[in-house]
Amino acid sequence: MSAVETIFEKGAPGRRAFVCPELDVPQVDGLLPDRFRRSEPARLPEISEPEIVRHYVNLSKKNFDLDSGFYPLGSCTMKHNPRLHERVAALPGHARLHPLQSPAHAQGALELMWNLERALSEIAGLPHVSLQPSAGSHGELAGVLLTKAFHSDRGDTRHKVLTPDTAHGTNPATVTMAGYTVVKVGTNPDGGVDLDDLRAKADQDVACLMLTNPNTLGVFDPNIAEIAEIVHGVGATLYYDGANLNAIMGLTRPGDMGFDIVHFNLHKSFTQPHGGGGPGSGPIAVSDRMVPYLMNPRIVREDGRFDLRDTSEKSIGRLRGFQGNYGCFVRSYAYIRSLGAEGLKDASETAVLNANYLLARLGPLAERLPLAFGKLCMHEFVLSGSPMKRELGIKTLDLAKRLLDHGFHPPTVYFPLLVDEALLIEPTETETKETLDAFADAIAAILEEAAGDPEVARTAPHTTPVRRLDEAGAAKRPVIRQSL
Amino acid sequence: MLDAIGVGSIEELFDRQIPAAVRLGRPLDLPAGMAEQDVYAHLRELAARNTSAEDEITFLGAGMYDHYVPAIIDMLLGRSEFLTPYTPYQPEVSQGSLQVMFEYQTAISELTALPVSNASVYEGPSAVASAGYLARLANGRSRFVASAGLHPHSLDTLRTYARGFGAEVVEVPLADGLTDPAAWAAAIGEDTCAAFVQQPNFLGAVEDVEALAAAAKEAAPDAVVVGAYDPIALGILKPPGECGVDVCVGEGQPLGNRLDFGGPSFGFFAATEAYLRRMPGRIAGETTDVDGRRGFVLTLQTREQHIRREKATSNICTAQALNALAGVVYLSWLGRHGLVELAELLLQRTHYAREALTALDGVEALHSQPVVREFALKLSAPAGKVVARCQEQGVNPGLALDDDVLLVAITEQRSRADIDRLTEVLGAAVAAEREAVHA
Chain A
117 MSAVETIFEK
127 GAPGRRAFVC
137 PELDVPQVDG
147 LLPDRFRRSE
157 PARLPEISEP
167 EIVRHYVNLS
177 KKNFDLDSGF
187 YPLGSCTMKH
197 NPRLHERVAA
207 LPGHARLHPL
217 QSPAHAQGAL
227 ELMWNLERAL
237 SEIAGLPHVS
247 LQPSAGSHGE
257 LAGVLLTKAF
267 HSDRGDTRHK
277 VLTPDTAHGT
287 NPATVTMAGY
297 TVVKVGTNPD
307 GGVDLDDLRA
317 KADQDVACLM
327 LTNPNTLGVF
337 DPNIAEIAEI
347 VHGVGATLYY
357 DGANLNAIMG
367 LTRPGDMGFD
377 IVHFNLHKSF
387 TQPHGGGGPG
397 SGPIAVSDRM
407 VPYLMNPRIV
417 REDGRFDLRD
427 TSEKSIGRLR
437 GFQGNYGCFV
447 RSYAYIRSLG
457 AEGLKDASET
467 AVLNANYLLA
477 RLGPLAERLP
487 LAFGKLCMHE
497 FVLSGSPMKR
507 ELGIKTLDLA
517 KRLLDHGFHP
527 PTVYFPLLVD
537 EALLIEPTET
547 ETKETLDAFA
557 DAIAAILEEA
567 AGDPEVARTA
577 PHTTPVRRLD
587 EAGAAKRPVI
597 RQSL
Chain B
975 MLDAIGVGSI
985 EELFDRQIPA
995 AVRLGRPLDL
1005 PAGMAEQDVY
1015 AHLRELAARN
1025 TSAEDEITFL
1035 GAGMYDHYVP
1045 AIIDMLLGRS
1055 EFLTPYTPYQ
1065 PEVSQGSLQV
1075 MFEYQTAISE
1085 LTALPVSNAS
1095 VYEGPSAVAS
1105 AGYLARLANG
1115 RSRFVASAGL
1125 HPHSLDTLRT
1135 YARGFGAEVV
1145 EVPLADGLTD
1155 PAAWAAAIGE
1165 DTCAAFVQQP
1175 NFLGAVEDVE
1185 ALAAAAKEAA
1195 PDAVVVGAYD
1205 PIALGILKPP
1215 GECGVDVCVG
1225 EGQPLGNRLD
1235 FGGPSFGFFA
1245 ATEAYLRRMP
1255 GRIAGETTDV
1265 DGRRGFVLTL
1275 QTREQHIRRE
1285 KATSNICTAQ
1295 ALNALAGVVY
1305 LSWLGRHGLV
1315 ELAELLLQRT
1325 HYAREALTAL
1335 DGVEALHSQP
1345 VVREFALKLS
1355 APAGKVVARC
1365 QEQGVNPGLA
1375 LDDDVLLVAI
1385 TEQRSRADID
1395 RLTEVLGAAV
1405 AAEREAVHA
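Sequence order for the protein chains is A and B.
For the first sequence, this note's numbering assigns the number 117 to the initial residue and increments by one for each residue that follows.
For the second sequence, this note's numbering assigns the number 975 to the initial residue and increments by one for each residue that follows.
So here's chain B without its partners, still in its complex pose (with noise of 0.2 Å):
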């Protein structure tokens, strides 16, 4: 290869093209290689270190969620057709990922009712940002309304993102677990960019989200409503594109994607058909071969950074295809009526789970709202310090917020079973930090 080439060794290749003064002299300070089962040990022996949903009866949610991933995503998403080609650049021989895509828009386009969804964007919380950077782009102004319910790392990667582009956030309060409307009314007003509200928000409570829409439209008719949705809550509350939602979005890890203690999942990201030129991302279009034979396509990519370059509407170029790929298998799997089912289930167990809770010596409802699958419970003893005593019962009881909230999201994978021992568990806890603050 060297004499094709016509140097006398590799490092010839590099001598040429590299200057001395920038060149590395000495091997990268790294450990030795591994043989692969060697690897796999050290792996494995990391992997030990972790107390996971499968180590633990856990309660946690706030974002992510330890739903069941049915065997059939494991197979799909391994096989080598889909695991790994690059982004479908070449359509014919793309067809497969092109088609899974305009199915991933379908049923997110039914699971929200807008007419619009691209093909994903990253994840929950930069799928806001995103959100916000649209609609700055559309009515050019820079005045984010946000209501305090959003999640904490959605409502920081807003900020984040605005700060770029040049937009403030104001946070609009809750008051009694839900987005306070009069204060929501009182912020937003003719200079405002965008509104975003959460459904259902942090602590779990279903929102009147069609009464702020309807109010965020009424003081500022061209401003951008934004909702960030639970998908498996979708298979029971009035859908987003029902309730004057402009643009909604969400994180679309309960979707058939594993924990991965954090990603890679996907973000949903589904717009008014007014928002069609404006969105984000890949978006996958049906058209036709020169012998008329049906196929599907990467379309409106004058939208995208590779043909827009500086006036691009977005960024983003590798984003989460195979991750969307299981959501749309995973909503086939449920299928129509099993979406339902699914959040009718979580619905009667967090509410079983809520009275059975708020029940307990020491332990109340933060608020009083409808809930679908989390709720958030006010202690009255440290709520780290309780977690902790929990999780020495093997038990996960939800995730610490503040000195005294405990956040307790169910999955279908909690059954009764599961929630008595939590209780059992949380009851003695709870008490024994009593005892220990008295003592």
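The shape of chain A in the complex, shown without the other chains (with noise of 0.2 Å):
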């Protein structure tokens, strides 16, 4: 295997691609001062098309990616990405289209988002839709800032927002982010939130409970009703986490259950490709008593015809530029109309059935991985690497390790962080059940090959393009862009 080499180390002087259209009018010296050119052009690669496409070509065997293999990794729901929507989404009526072009001139584009508004508004269950945020954790940040224009609006001053210890790590980031306190609310022996602690801690100076339904366990809180009843009691607005909207949909709706926010992931629940860490895009939905606080601008229509207008003087503003990632709408708007009702549905049972179907064919490994909590599961589950810690002497990190030598991704490792040695597998519905039973196969073949050696799932992995990687050297003496 040849040297590992960047861009910027591979090329030669004089060396290029680009060609560039030719100047076709008059050329007029002195247009920019001196003192406010560059005098050193910025030293970017010089190098030919052919040499650009190898080098990343080649670098792109290196990566594992859900095309190629099994990717269960828990809470960001690796589901298949069809190829229609690369090519919809490359049609030049929407991939040229200017966000800046007049209303009347996007009326197809608007109308999309209209459509898409509309259809996630119906799985959500609550009435008003704005597309903006760029990812789930900016639809929480849109969600926090609503909570916090809601309660000024009645001239009330609230400083904490309750998260369960199971939260994803954005949702306690968000809440500082929009100068509020966390507060955490623990978990009872089932998994759900624990009541008598969230009783304690809801108070007036609550102003929002942040919650993931079905939670990071994979574990539907049955006390949701009440839940809703203590918080809004309280004065206190209720926070979706859509992360997990896979588990449920068409079957029950985070309106119907009393939540007043609800961000999607389009990158998780509606096959936006994830691109290797982005682009997402976190729509969220409110119900009418936040709607005079949505991101302006919104969609209107009127007469048939759609418009883009800033329509509340108490809108939070803007959350970023323009309208959103538009591009992600038109994959998951065509999604969305693949499936339709019944398509949406059945991907939901179908999930909830591969999870639990897996987490069956894992239950002879439980005296080593048992589930941490509960016994059936929604999408996913988690699993504790603890006692195989300790009876077999590999960690959770071993056993991920090792499943790369078998051609799979691991689950998430370490998360959620109540549990010991956590694994939190998700396997989507898009998986075949050969597929489930092949990978339940290899966490038996790891356990059964750790009993005798573990030594191998120690020094895992061995046949990756490297093996286990210095973190500690990286993060202590930061190289993070080359010399040149």
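Hints listed in this document are in silico derivations from the structure and should not be mistaken for laboratory results.
The beta-carbon is built from N, C-alpha and C at its ideal position, and this holds for glycine as well.
Be aware that a few hints might be false.
[Claimed, not checked] Each computed DSS-like pair below joins lysine-lysine, with the alpha-carbon atoms no more than 30 Å apart:
1. B:1212 with B:1191
2. A:505 with A:592
3. A:511 with A:300
4. B:1212 with A:126
5. A:549 with A:461
6. B:1285 with A:300
7. A:511 with A:177
8. B:1285 with A:317
9. A:491 with A:505
10. A:300 with A:505
11. A:276 with B:1285
12. B:1285 with A:592
13. B:1285 with A:511
14. A:126 with A:592
15. A:549 with A:505
16. A:549 with A:511
17. A:549 with A:491
18. A:511 with A:592
[To be verified] Per label pair, the in silico range of CB-to-CB distance:
19. B:1368 with A:599: 49 to 59 Å
20. B:1339 with A:129: 37 to 47 Å
21. B:1164 with A:533: 34 to 44 Å
22. B:997 with A:599: 55 to 65 Å
23. B:1022 with A:419: 14 to 24 Å
24. A:533 with B:1262: 22 to 32 Å
25. A:600 with B:1394: 36 to 46 Å
26. A:419 with B:1376: 26 to 36 Å
27. B:1019 with A:196: 23 to 33 Å
Work from the hints to combine the two standalone chains into their complex.
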């Protein structure tokens, strides 16, 4: 194998790919005063097109990807990305539409966004939608800022936001960004919210409770109606983190559970490809009482025509430029129209079926890898590697790394934080029984192997482009760019 | 599968976990599913009702620009190995994505002449607001001073974020197209948290960033100077790292990303060494594996939400990895000299267009400052109506601002012939509107 070289270490002076269009206007000197001018060109690569293509194609081959193999990363919903979506998103009428084109000349785009808003509204059970946020955490920020505007409109200053200890890390980070203080709520032995703890902490200073349901343990909280009553009883809002929406489409709706605000992850439940870390899209749906504060601008429909307008003076304003990640809207809208009402419900049912089947297939390993909470699960479940670590001498991290040698992407590891040596497994609906069986067999084989020789897993992976990397060293002496 | 689970039906899985009271006892009120070719036809029909940059000669800019996207970008971004993985949490099987981040960070660092870049944030205006949050955490103050030359969406987004974490935004007006230096100096004091300027500014004018940054530092040595830059203009403009800018952000769309009606694109975010551990978002770092081989990992993760939770420097998680890949491929494709040539071409064509258009009756320059690729005109007719008239002739002359201002942007896809056509159509439209007023 050749040495690892960055694109900055390839090419040679004078090489190039770009041919500049000809200067077809009279050349005028001195247009830009020297004091504003760059003295040296930025040291970008000097490289030909064939070299660029070969470099990045070879780099791509060092990635594991969803199209090549099973990717049961919990709370990330790595479901198949239909290629029709790439084709329609690339149509010039979508892809080359300027965001400031006048609404009269963007009626197709606005109708698509309107239709997507209506569909997401129906799925969430909440009447109003803004597509603007760029990803899930951006949707969370929108929701907490809406909450803040809602309270301050009532002359009410509150300081605290409640999050369960099972929450995604984005929840507490968002709370701080929005100027609130995080108060953690405990988890009961069944994996749901500890109601006594919630009652004790829910006071008039609480602005909001942020909840994921089903939560990151894969547990649907059966006390949701009571939770909503407690939260609303102190005048706070109830926020739904939609990262786990893939479990419930067409089966139950956050709005019907009492939530005021929901965010969607179009890059999870609605097939926007994840791209190795984005783009995503995080629309929000809200109840009637939150609508005056929704982000500007909004899509309005009058006499069958669509327009973009700032509709409320109480709006929190903008969270970003333009209308949001429209390219993601096209893909997710295509997905919703492909599946329809029945298909979405079927997707969630199959996701839950697949998760429970995989859980059952791993049942014989429960002495080493027990289910952390409950008996059944929704679309994902959490195992604890604690007994495995104690009895076989391999950690969850070792199991994860050894799975790479078996050709599988590992589950989410060490999250949620309240489970020791956690493995969070989400198979999704687009995997076959054969794949689930093969994955369960691989885990069994790794445990059996570890019983004989734990060193193999401890030093895994053995077959990947690189082996375990020195992350501590990287953080201690950061090298975050190529030196030139 | 049901037997293995020990339930009689899929329904039972839900009945045993979700209380009946919150079950949706009816089908979703959505249209039935469709075959692939029918979905294609529907989405194609919607696309056909948009007037894209392929359907008219467009001079729209104001933050996003109709640059040519080279074919290799479509090919590389379409590869399963880049399109379908998650964030690279398992570095042993993610060296492709991680090395791309490292290369991207290098390219942005070179472009801005700042030593530290993250692996991308959402997009331009929210990058400006995120820089505000960085400053707030860095010096604890709560007063932002922002040039009115910032993109209006950036100003609005900064205000939205600032209301959350508790900061006020004071706007400094423009004078003759530029941030008013006296008002700028007067607005900045020892309580200033951060000072924001855009380069070139929203009206296309090249600001004297060096002087503005120096004035800000003099009035408030600890304030963070934030510059929002156009990355294409950086091909010829003095980079922010040489102008006293502490944090440089910007909209990355011009670098190899489609217009997509506003997104997805990416925001770039670069800073001086002092802010390395306060950066938002992912950062890739170089390291070695147990066999001593060179490799890359996500690094300095103790800044991030999944480790630090409420103490994180940002809540950002999923960002814009694929769009940032387009950015670094584009910069490699342009190359060291190509980026300069492209920016010089824009400079010349923009000058040509500005001269031609301001020679028209009823059209004058809003300001006479140097510009790179965009400029503002003052029309003696309602700008919105002029735009509509031009569009009827197949030319989109730019963005109507206020009542009588038109913002015109040039890319390498707009030739001299296109500019001549704009001149002809705009001249006729302004004349017709003036006549309509007099009639």
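Against the structure, the hints:
Using a Cα cut-off of 30 Å, the hinted pair residue 1212 of chain B and residue 1191 of chain B holds, with the two alpha carbons roughly 19 Å apart. Between residue 505 of chain A and residue 592 of chain A the alpha-carbon distance is near 28 Å, which keeps this suggested pair within the 30 Å criterion. For the given pair, residue 511 of chain A sits about 28 Å from residue 300 of chain A by alpha-carbon distance, which is consistent with the 30 Å threshold. At most 30 Å may separate the alpha-carbon atoms for a hinted pair to count; residue 1212 of chain B and residue 126 of chain A meet this at roughly 26 Å.
Taking the CA atoms of residue 549 of chain A and residue 461 of chain A, the gap is near 19 Å; set against the 30 Å cutoff, the hint holds. With a CA separation close to 14 Å, the supplied pair residue 1285 of chain B and residue 300 of chain A stays within the 30 Å bound. Proximity of residue 511 of chain A to residue 177 of chain A is assessed by CA-CA distance (about 28 Å); at most 30 Å being required, the pair is judged to hold. For the suggested pair residue 1285 of chain B and residue 317 of chain A, the alpha carbons sit about 21 Å apart, so the restraint of at most 30 Å is met.
Restraint check: the Cα-Cα separation between residue 491 of chain A and residue 505 of chain A comes to about 22 Å, which is no more than 30 Å; the hinted pair holds. Proximity of residue 300 of chain A to residue 505 of chain A is assessed by CA-CA distance (about 28 Å); at most 30 Å being required, the pair is judged to hold. Of the supplied pair hints, the one linking residue 276 of chain A and residue 1285 of chain B holds, its CA atoms being roughly 15 Å apart against a limit of 30 Å. Restraint check for residue 1285 of chain B and residue 592 of chain A: satisfied, since their Cα atoms lie roughly 20 Å apart, inside the 30 Å limit.
Restraint check for residue 1285 of chain B and residue 511 of chain A: satisfied, since their Cα atoms lie roughly 28 Å apart, inside the 30 Å limit. Restraint check: the Cα-Cα separation between residue 126 of chain A and residue 592 of chain A comes to about 28 Å, which is no more than 30 Å; the hinted pair holds. Straight-line distance between C-alpha atoms of residue 549 of chain A and residue 505 of chain A comes to about 29 Å, which keeps the hinted pair within the 30 Å bound. A hinted pair counts as satisfied when its Cα atoms are at most 30 Å apart, and residue 549 of chain A with residue 511 of chain A qualifies at roughly 27 Å.
The hinted pair formed by residue 549 of chain A and residue 491 of chain A meets the criterion: a straight-line CA distance of about 20 Å does not exceed 30 Å. A threshold of 30 Å between alpha carbons decides the hint, and for residue 511 of chain A with residue 592 of chain A the separation of about 24 Å falls inside it, so the pair holds. A beta carbon spacing of about 50 Å between residue 1368 of chain B and residue 599 of chain A agrees with the range 49 to 59 Å that was offered as a hint. Under the hint 37 to 47 Å, the C-beta atoms of residue 1339 of chain B and residue 129 of chain A, about 40 Å apart, fit the expected range.
Separated by about 41 Å at the C-beta atoms, residue 1164 of chain B and residue 533 of chain A satisfy the suggested range of 34 to 44 Å. Separated by about 60 Å at the C-beta atoms, residue 997 of chain B and residue 599 of chain A satisfy the suggested range of 55 to 65 Å. Between residue 1022 of chain B and residue 419 of chain A the beta carbon distance is about 21 Å. The supplied range of 14 to 24 Å therefore holds. Between residue 533 of chain A and residue 1262 of chain B the beta carbon distance is about 29 Å. The supplied range of 22 to 32 Å therefore holds.
In this structure the hint that residue 600 of chain A and residue 1394 of chain B lie 36 to 46 Å apart at CB holds, the actual value being about 42 Å. Checked against the hint of 26 to 36 Å, the C-beta distance between residue 419 of chain A and residue 1376 of chain B comes to roughly 28 Å, which is consistent with it. A hinted range of 23 to 33 Å holds for the C-beta pair residue 1019 of chain B and residue 196 of chain A, which are about 25 Å apart.
Of the numbered hints listed earlier, not one is contradicted by the structure.
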